[in-house]
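Since the structure of chain A is already known, use the hints to place chain B with the ligand on it.
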Amino acid sequence: MTIKSTRRQFLKATAATGAAISAFSIVGCATGPNVVVIGGGFGGSTAARYVKKFGPNMNVTLIEPKTSYTTCPFSNAYLGGLVDFKYITHTYDGLVADGINVVHDTVSGVDANTKSVTLAGGQVLNYDRLIVSPGIDFKWDVPGYTEETSAKIPHAWKAGDQTKLLKSQLEAMKDGGVVIICPPKDPFRCPPGPYERASMIAHYLKTNKPKSKVLILDRKDKFSKQGLFVEGWGKVYGKMVEWVSSAQGGTVESIDAANMTVKAEFDAHKGAVINFIPNQVAGALAHSAGLTNDKGWCPVNLSTFESTIIAGVHVIGDASIAPGMPKSGNAANSQAKACAWAVVQMLNGATTVDAPMTSNTCWSLISPDYGIHVSAVWQGNDKEFVSISGGVSGSNLPDATRKMEAEFAPGWYKNIVKDTWNV
Amino acid sequence: MNIKTSLALGLFAVAALPFAPTSASAQNMNPELLASNCVVCHGPNGESVGHIPAINALSAKEISARIREFRDGKRAATIMDKIAKGYNDAQIDLIAEHFGAK
Ligand SMILES: Cc1cc2nc3c(=O)[nH]c(=O)nc-3n(C[C@H](O)[C@H](O)[C@H](O)COP(=O)(O)OP(=O)(O)OC[C@H]3O[C@@H](n4cnc5c(N)ncnc54)[C@H](O)[C@@H]3O)c2cc1C
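So the sequences go chain by chain: A and B.
Our numbering numbers the first residue of the first sequence as 1 and each following residue consecutively.
Our numbering numbers the first residue of the second sequence as 1 and each following residue consecutively.
In case anyone wonders, no lab produced these hints; they're calculated from the structure.
Be aware that one or more of the hints could be misleading.
[Claimed, not checked] To list a few chain A residues with every Cβ distance to chain B over 10 Å, as calculated:
| no. | residue |
| --- | --- |
| 1 | THR106 |
| 2 | GLN162 |
| 3 | PRO356 |
| 4 | ALA376 |
| 5 | LYS383 |
[What the hints assert, rightly or not] Computed cross-link-like contacts, DSS-like style, restricted to lysine-lysine with a CA-CA straight-line distance of at most 27 Å:
| no. | chain 1 | residue 1 | chain 2 | residue 2 |
| --- | --- | --- | --- | --- |
| 6 | A | LYS239 | A | LYS211 |
| 7 | A | LYS239 | A | LYS167 |
| 8 | A | LYS185 | A | LYS174 |
| 9 | B | LYS102 | A | LYS414 |
| 10 | A | LYS174 | A | LYS139 |
| 11 | B | LYS102 | A | LYS418 |
| 12 | A | LYS414 | A | LYS403 |
| 13 | A | LYS403 | B | LYS102 |
| 14 | A | LYS53 | B | LYS74 |
| 15 | A | LYS295 | A | LYS220 |
For glycine and all other residues, C-beta sits at the position ideal for the given N, C-alpha and C.
Chain A on its own, in the form it takes in the complex:
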């Protein structure tokens, strides 16, 4: 990276965030290797912060088009009316304060030969190591459901305007309507997410439109924390939430947006509101950069998260293949730390890095007073992440325990947000 482009870069970032120039003069002094991070979500933001933490001399640049990031975690609580949109939206000021060059632009190309990335705005940045955390994109493989349809039938599986749209539809619907949720096939981001969403929508309906119903038409026969969700739905919502497995005819064959109808294997179902969640692949950038396999995800070395396809490029978070670990924000955060450690070691001359330990916990809210979790600690090896310990909340626990877990969930949220974005 030339001095000129570095300076331009941080002038631009400074203008965008209004950060104090003094914070940037530290960056100007970072004379070490260039680490470029693509994507300012859970994986990328954590990676940028921890590369800087483990290697203070590193010159770290984060590229992210959005000037604020809305988290998927707690977006279901937003749908349930528990928190407002501001609660789940965060700026990049904390990363800037950490001495990271934050550039708000979209990466349009990665060139592994010249070790450079090109931004949509035309800027070219050189890297010594590149970390990519672009999240997911959708397959659009169900007839009748396209990107255009999502303006009427939201997926809300990337948080932002889609989440607001789904909420406004719930608010506009009449009491007595059916809200249909169609969870995707495996693998997808946040395995318990669709079922937490069903719970939070049921909470909203029970409070505001008690004659309404939530119908889950699933493309699978089992799902994460299933026993706990089914127990909780029965206790809190009675028959208000109904789950139809793939075997029972839940598999969606097509969507008729004009008639607000989901054509499933056995029946057609009309919804007052439909939340269709498409099947998923790694984020588009991973594809255009040539980092994906034939299934659409990125194979990586599990010690370093370096791509097994393109040397010098590391892939973390939802886009990567980390057998044994779920695709979650907490998992992306944990992978980012292991990856940051490896990147700093490698840039300091290490030739081998051992497989890391990682961990993840996902709390789900069944109601504001009813939380459940799934948790694990892993040891990586060259093939997979082996769970050393973990499990889910017990079944039929006292109400007081469920309530305690419902309070730990926002506790986790605030702390992981602080750890990831320094806000």
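Below, chain B with the ligand alone, put in the same frame as chain A:
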């Protein structure tokens, strides 16, 4: 505790608990990296905001004792019992030292 004793304890723990981590590799004995997976719940430096207890006011001794109690089922927990089982004695001591009130 010096590194040699930590490693000895680590190896001992592996022998005693068949499912404990088998690798005493550099990063799995690095306090900062090990502790980085605690802060998503307990907050940066253990200074939690919200309902999960902060751990920054506890001494290293108290932290390592409590984690062992969680691990051994001697302390009431919703989740820490599971997490504690993921770490061997040497790692617990390194993490406790990292967070312990100075
Ligand atoms: C409803 C719902 C609830 C969830 N709840 C939880 C939960 O409770 N706990 C949990 O741990 N996880 C949860 N998740 C999962 C979590 O949101 C994801 O696993 C996490 O966001 C993955 O992080 P990531 O860094 O891989 O991708 P993302 O966080 O999606 O970040 C990717 C970033 O890359 C940027 N980007 C993409 N392409 C480019 C490009 N070409 N140039 C520059 N930037 C680019 C994007 O703008 C985006 O900001 C939930 C998900 C959903 C949908």
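A quick look at each hint next to the structure:
For A:THR106, the non-interface assignment is confirmed: its Cβ lies about 28 Å from the closest Cβ of chain B, beyond the 10 Å cut-off. Chain B leaves A:GLN162 outside its interface by the beta-carbon criterion, the shortest separation being 26 Å against a cut-off of 10 Å. Against chain B, the non-interface label of A:PRO356 is violated: not every CB pair exceeds 10 Å, the least being about 6 Å. With a least CB separation of 8 Å from chain B, A:ALA376 falls inside the 10 Å interface cut-off, contrary to its annotation.
Every CB of chain B is more than 10 Å from the CB of A:LYS383 (nearest about 14 Å), matching its label as outside the interface. Between the alpha carbons of A:LYS239 and A:LYS211 the distance comes to roughly 11 Å, so the proposed pair stays at or under 27 Å and holds. Restraint check for A:LYS239 and A:LYS167: the C-alpha separation of about 22 Å stays at or below 27 Å, so the hint holds. Between A:LYS185 and A:LYS174 the CA atoms are separated by roughly 30 Å; this puts the pair beyond 27 Å, and the hint is violated.
With a CA separation close to 25 Å, the supplied pair B:LYS102 and A:LYS414 stays within the 27 Å bound. Distance restraint check for A:LYS174 and A:LYS139: the Cα-Cα separation of roughly 32 Å exceeds the 27 Å cut-off, and the hinted pair is therefore not satisfied. Under the criterion of a C-alpha separation no larger than 27 Å, the hint pairing B:LYS102 with A:LYS418 is consistent with the structure, at around 23 Å. For the given pair, A:LYS414 sits about 18 Å from A:LYS403 by alpha-carbon distance, which is consistent with the 27 Å threshold.
Under the criterion of a C-alpha separation no larger than 27 Å, the hint pairing A:LYS403 with B:LYS102 is inconsistent with the structure, at around 34 Å. Between A:LYS53 and B:LYS74 the CA atoms are separated by roughly 36 Å; this puts the pair beyond 27 Å, and the hint is violated. As the CA atoms of A:LYS295 and A:LYS220 are separated by approximately 18 Å, the hinted pair is consistent with the 27 Å bound.
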